[in-house]
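Protein chains in written order, with our numbering: chain U, 1 to 71; chain X, 1001 to 1215.
It should be emphasised that the hints constitute simulated quantities derived from the structure, not laboratory data.
Hints may contain errors.
Said to hold, decoys possible - Calculated Cβ distances over 12 Å to all of chain X for the following chain U residues:
1. Glu30
2. Met31
3. Asp34
4. Ala39
To be verified - So the derived label-pair ranges between C-beta atoms look like this:
5. U:Thr45 - X:Gln1048: 44 to 52 Å
6. X:Ala1132 - U:Arg23: 42 to 50 Å
7. X:Ser1064 - U:Asp15: 22 to 30 Å
8. X:Ala1023 - U:Pro41: 48 to 56 Å
9. U:Cys47 - X:Leu1135: 35 to 43 Å
10. X:Gln1088 - U:Leu13: 30 to 38 Å
11. U:Ala26 - X:Gln1088: 49 to 57 Å
12. X:Ala1035 - U:Pro41: 21 to 29 Å
Note that the Cβ used here is the ideal one computed from N, Cα and C, for glycine as well.
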Amino acid sequence: MENWALPEFNLLLCDRCGICVERCPAGAAEMGTDGPFIARPADCTYCALCESVCARHAISCWYEVVWGTDT
Amino acid sequence: METIAQALRRILFFADCSEDALARTARVAHARTYAAGETVILEGYPCQAAYFIAEGNVRVSRLSLGGREQVLAQLGPGQAFNTVPAFQAHGMNHATVQALTPAILYAIPAADLRRLVGECPQLALAVLHDFAERLDHLTNLVEDLSLHTVRGRLARFLLEHAEADAARRFTQEEIAARLGTVRDMVGRTLRAFASAGLLRMDRQRIVLLDREGLE
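Whenever a hint applies, use it, and build me the whole structure from the sequences.
Structure, rendered in structure tokens:
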């Protein structure tokens, strides 16, 4: 799973509300002892829903803008 | 151990300053470190100092009365912020600045900066150059916000950043703040663009497919 990007969790901003875990459509996120994390990376579709529901802006799904190779 | 003057010399803003000007500046500059996410200054508070970035990146933003955040700029090493209110009587911070990454900044008290500009012509020129670039950037931003729809602004944003020399990453929330809209709108518009075949949403990449369609 080389270069398999995953959402980044900033545990300093996170308040452990658990909304991201509850709302993950793929069931890939879990709440650990330190905070939420992607427990099943292969299931994560990078839909970025976790980022959108986090009230603390503690989750980041990053994108780089590139040209397709056939353009 | 590097002196403050040596550290300032590495900042582009001071690149053309004489040794004497650097030494005078170093006497009043204070090194400050910030963790990622830490707030440096708050919009609307009295201006205490101008800041010069030695390491790291910061985000400059303002809040509307309705609580919507508008990102004005993202700055990195060699750049400066809060220089404008430093030259205003009773200057107030024009924006909130937050460290995006761990950052090392040099703060020069506003009164000292005003005095130094009078004493050092190279520093005065550096301030003028900084103001000119800032004015140019904000003029373009005003035009963009007032004349173009979110779809148009997003298309332009995507085209500009696909062409940029240095690859940068953005979250949808960051894109929304830069475009003066909300994250949901960016997400909907990206999906609309994808449905129209203008781009493809890959893992960690927005892949542009149709230049003509986006233009």
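Quick rundown of the hints versus the structure:
1. Glu30: Since the minimum Cβ distance to chain X is about 20 Å, Glu30 (chain U) lies beyond 12 Å and the statement holds.
2. Met31: holds, 21 Å
3. Asp34: holds, 17 Å
4. Ala39: holds, 18 Å
5. U:Thr45 - X:Gln1048: 44 to 52 Å: For Thr45 (chain U) and Gln1048 (chain X) the Cβ distance comes to about 46 Å; the hint holds.
6. X:Ala1132 - U:Arg23: 42 to 50 Å: holds, 47 Å
7. X:Ser1064 - U:Asp15: 22 to 30 Å: 25 Å Cβ-Cβ, so the 22 to 30 Å window holds.
8. X:Ala1023 - U:Pro41: 48 to 56 Å: Hint holds: Cβ distance 53 Å, inside 48 to 56 Å.
9. U:Cys47 - X:Leu1135: 35 to 43 Å: Once the Cβ atoms are compared, 40 Å apart, the range 35 to 43 Å for Leu1135 (chain X) and Cys47 (chain U) holds.
10. X:Gln1088 - U:Leu13: 30 to 38 Å: holds, 33 Å
11. U:Ala26 - X:Gln1088: 49 to 57 Å: The hint (49 to 57 Å, Cβ to Cβ) holds, given that Ala26 (chain U) and Gln1088 (chain X) are roughly 52 Å apart.
12. X:Ala1035 - U:Pro41: 21 to 29 Å: holds, 27 Å
Taken one by one, the earlier hints all hold for this structure without exception.
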